[in-house]
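Engineer: So you can see what is in the structure, the chains are spelled out below.
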Amino acid sequence: MEALILELKKEIIEVLNLEELTPEDINEDAPLFVEGLGLDSIDALELIVLMEKNYGIKLNNAAEGRDIFKSVRIMAEYIAKNRTK
Amino acid sequence: MIYQWSNNIISSLGFTTEENYTAVKQGNTGLKYYKNPFDFPEDAMLSLIDDEHLNNAFSSINTKQKTAYTRFEKAAILSVYKALEKTNIDVKSKKVVFILSTTKGNVELLDKKESEFYEAERVYLWRSAQLITSFFDNPNEAIIVSNACISGAAAQITALRLLQQKIYDFAIVIGADVLSKFIISGFQSFKSLSVDICKPFDKNRCGLNLGEAAATIIYSSIENNRPLLSNNIVLLNGAIANDANHISGPSRTGDGLSIAIEKTLQNTNIQDIALINAHGTATPYNDDMESMGITANQLENIPINSLKGFLGHTLGAAGVLETILSGVALLDNMLLKSNGSENPETICPLNIVLNNQNSFKTHFLKLLSGFGGCNAAILLKKT
Amino acid sequence: MNINIASYCRLTNHKLEVNDIDIQIQKTEASSLNDIYRHLNLSYPKFFKMDNLSKAGFLASELLLKNIIIDKETPKKDMAIVLMNRSASLDNDRTYQTTIQDENNFFPSPSVFVYTLSNIVNGEIAIRNKIMGESSFYISENFSPEKIYSAVMNTFSDPNINQVICGWVDYEFNECDVLLLLIRKENQEKIPFNVNNIYHLYT
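Residue numbers (my numbering), protein chains in the order written: chain A, 1 to 85; chain B, 86 to 468; chain C, 469 to 671.
Think of the hints as simulated: they come from the structure by calculation, not from any bench.
A few of these clues could be false.
Said to hold, decoys possible - Each computed PhoX-like pair below joins lysine-lysine, with the alpha-carbon atoms no more than 25 Å apart:
{"hint": "1", "chain 1": "B", "residue 1": "K348", "chain 2": "C", "residue 2": "K598"}
{"hint": "2", "chain 1": "B", "residue 1": "K251", "chain 2": "B", "residue 2": "K348"}
{"hint": "3", "chain 1": "C", "residue 1": "K514", "chain 2": "B", "residue 2": "K348"}
{"hint": "4", "chain 1": "C", "residue 1": "K615", "chain 2": "B", "residue 2": "K179"}
{"hint": "5", "chain 1": "C", "residue 1": "K534", "chain 2": "B", "residue 2": "K180"}
{"hint": "6", "chain 1": "C", "residue 1": "K514", "chain 2": "A", "residue 2": "K53"}
{"hint": "7", "chain 1": "B", "residue 1": "K197", "chain 2": "A", "residue 2": "K53"}
Claimed, not checked - Pairwise CB distance ranges (calculated):
{"hint": "8", "chain 1": "B", "residue 1": "N441", "chain 2": "C", "residue 2": "P543", "range": "37 to 43 Å"}
{"hint": "9", "chain 1": "C", "residue 1": "P543", "chain 2": "B", "residue 2": "D128", "range": "40 to 46 Å"}
{"hint": "10", "chain 1": "B", "residue 1": "H138", "chain 2": "C", "residue 2": "R562", "range": "28 to 34 Å"}
{"hint": "11", "chain 1": "A", "residue 1": "D25", "chain 2": "C", "residue 2": "T480", "range": "30 to 36 Å"}
{"hint": "12", "chain 1": "B", "residue 1": "P126", "chain 2": "C", "residue 2": "Q492", "range": "48 to 54 Å"}
{"hint": "13", "chain 1": "A", "residue 1": "L6", "chain 2": "B", "residue 2": "H138", "range": "52 to 58 Å"}
{"hint": "14", "chain 1": "B", "residue 1": "P126", "chain 2": "C", "residue 2": "T480", "range": "55 to 61 Å"}
{"hint": "15", "chain 1": "A", "residue 1": "R83", "chain 2": "B", "residue 2": "Y203", "range": "40 to 46 Å"}
{"hint": "16", "chain 1": "B", "residue 1": "K117", "chain 2": "A", "residue 2": "V34", "range": "37 to 43 Å"}
{"hint": "17", "chain 1": "B", "residue 1": "N141", "chain 2": "A", "residue 2": "D67", "range": "48 to 54 Å"}
{"hint": "18", "chain 1": "A", "residue 1": "I74", "chain 2": "B", "residue 2": "N289", "range": "46 to 52 Å"}
What the hints assert, rightly or not - Over 12 Å on every C-beta distance to chain A, these chain C residues come out as not near it, computed from the model:
{"hint": "19", "residue": "T480"}
{"hint": "20", "residue": "Q569"}
{"hint": "21", "residue": "N665"}
Note that the coordinates shown come from a computational prediction; the quantities given were computed from them, not determined experimentally.
Beta carbons: idealized from backbone N, C-alpha and C, even for Gly.
Given the sequences, and given the hints that come with them, work out the whole structure.
Structural biologist: Given below as structure tokens:
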């Protein structure tokens, strides 16, 4: 799980262009949206693409993402359970 | 104020304004369910211009056999041609200017599979505009407005300003956009497409439908002494304002739209307004935002419709297309129903037109909002 | 009332000039716009999400307004943004196309798609400075001081507009070509806003 969390942090930094952050800056238990990293609706959509592209998990709408993208740890747990690649 | 001399609509519902208006008045939608449109890997509800119909109609007017025109250019040229046909305007005059409103022009040529028949410059909007003006031997450089989904209103506001200054006698305002894998995949990645016919302002609205169209309005500062219809439509005023809030999400307060409406309605008696033809894309946030902007100006009791359930969201064409249809309807003393709206529910309640109804008032307000936080309002009336 | 050029910024790959002052920036090979961002010590992480066109327009607007007393937080209904370029958003459109070109690797990117409209750069500048007046984007084959002048004067036909950020913002094939001007209605006589002066500041 810790390896997946680290991998996920690197991927999030890359796809969301969080240029000035390193994986150590992201607290895996902190909320990703609003507070935390201050991500917005387009970032949420980009995370949906990340889930499909890198892990073969297809989410149909942004509402589904809302529960999964609560924190990096919740995301990693969801991926571990549902990944197809 | 400036006068409409002529207009035309090329869409899934027909290639004349009359065909389009008749279909919409009868409640016919041009939206259809397409399997893998433009090689897009999913299905979509779209309003598309029929290829064969377009090619046939275009080849019958095309005198410049040497140029290979794209779908976008064919639709735009055909629309202008049909609008001009109804007038005696000398399009070769220096006093006639073209104003082109589009969001993406020939963007599908970026796809390697689509580009082989055209020179590299064809993806530039100014190149398409040159081909359109040179088809008609018009000597002026076209003005190209690319302001996301408010482009069609922005182009009419530009026409108003230029004609009022007497720089030109006529402005040929074209709104045109065609669809492609590029555009459909983008909106799909936004999760903003509805697979069913969209439901503007409805409780269960769940997204928009995309459409393609080319629409033309010819405006002049000179009153038309030979009106085509029993009355004329005039453009009185218009304004644009930015939300300064988010590049893609509609404002959660409707502030930008509210400012645009307020500026447009200065010196207007609200009692004269027959209709607000809203943007009404049927995404949850857009329609709520519009309800707030409208209510902030105390216009919530005026009948409101959206034409997106007939022809989809036609992007840069929408402002021109929907202005024409709303104007023709008003000349017919008719408020067109908001197709797809069944159980209206927005954050501020609105008076949605659920069935065609008569109105003998004179003015209508057209609203548009788009990415980049932009909002536009224009006010027209029949004389 | 005079219509003045209150401030200007010229930004290209080789030149960064703000109100007659050349700014020298240590540039790394790959990402000179990011270097300018760092040089300005801005704290605006959204910058890194922008496409090149928006980055270029955004940075030029920051420099343009640097020495102007302007409260970024107060909504400004009297201020407009009128921009023009040659290539619309084609630079970023090509990037988006790469996310959909390959059928076996078809992952359309929403964060790239959102920048496939040229007027998003107006939006970015408006958000940063709370500019709520008119916002327009025009396309022209070539840089044209006449067209910029005409578009701005048309915008001033709205009597509520007192200041306009305007100019040429183009970015394509790694070539940045930006001239931004802040035009203001003022009582004093300064550099007058006219075609010759726009041309002069561009060249």
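Engineer: The structure should be examined with respect to each hint, and the outcome stated for every one.
Structural biologist: For each hint, the structure was consulted:
Note on K348/B and K598/C: the hinted pairing holds, with a Cα-Cα distance of about 18 Å set against a maximum of 25 Å. With a C-alpha separation of about 23 Å, the suggested pair K251/B and K348/B falls inside the 25 Å cut-off, and the hint holds. Restraint check for K514/C and K348/B: the C-alpha separation of about 32 Å exceeds 25 Å, so the hint is violated. For the given pair, K615/C sits about 17 Å from K179/B by alpha-carbon distance, which is consistent with the 25 Å threshold.
A hinted pair counts as satisfied when its Cα atoms are at most 25 Å apart, and K534/C with K180/B does not qualify at roughly 42 Å. This hinted pair checks out: K514/C and K53/A have alpha carbons roughly 24 Å apart, not beyond 25 Å. For a cut-off of 25 Å, the pair hint linking K197/B to K53/A stands: about 23 Å separates their Cα positions. In this structure the supplied range 37 to 43 Å holds for N441/B paired with P543/C, their Cβ-Cβ distance being about 40 Å.
The hinted range of 40 to 46 Å is satisfied by P543/C and D128/B, whose Cβ atoms lie roughly 43 Å apart. A hinted range of 28 to 34 Å holds for the C-beta pair H138/B and R562/C, which are about 32 Å apart. Range check, D25/A to T480/C: about 34 Å between beta-carbon atoms, so the 30 to 36 Å window is met. The given range of 48 to 54 Å is respected by P126/B and Q492/C, whose C-beta atoms sit roughly 50 Å from each other.
Between L6/A and H138/B the beta carbon distance is about 57 Å. The supplied range of 52 to 58 Å therefore holds. Checked against the hint of 55 to 61 Å, the C-beta distance between P126/B and T480/C comes to roughly 41 Å, which is inconsistent with it. Judged by the Cβ atoms, the range 40 to 46 Å given for R83/A and Y203/B holds: they are separated by roughly 43 Å. A hinted range of 37 to 43 Å for the beta carbons of K117/B and V34/A is consistent with their spacing of about 40 Å.
For N141/B and D67/A, the hinted distance range of 48 to 54 Å is satisfied, since their beta carbons lie about 52 Å from each other. For I74/A and N289/B, the Cβ-Cβ distance of about 30 Å falls outside the hinted range of 46 to 52 Å, so the restraint is violated. Consistency note on T480/C: stated as away from chain A, and its beta-carbon is indeed over 12 Å from all of that chain's, at 23 Å minimum. With a cut of 12 Å on Cβ distances, Q569/C stays outside the contact zone with chain A, its closest approach being about 15 Å.
Non-interface status of N665/C relative to chain A is upheld: no Cβ of that chain comes within 12 Å, the nearest being about 37 Å off.
When held up to the earlier numbered hints, the structure conflicts with 3, 5, 14 and 18 and fits the remainder.
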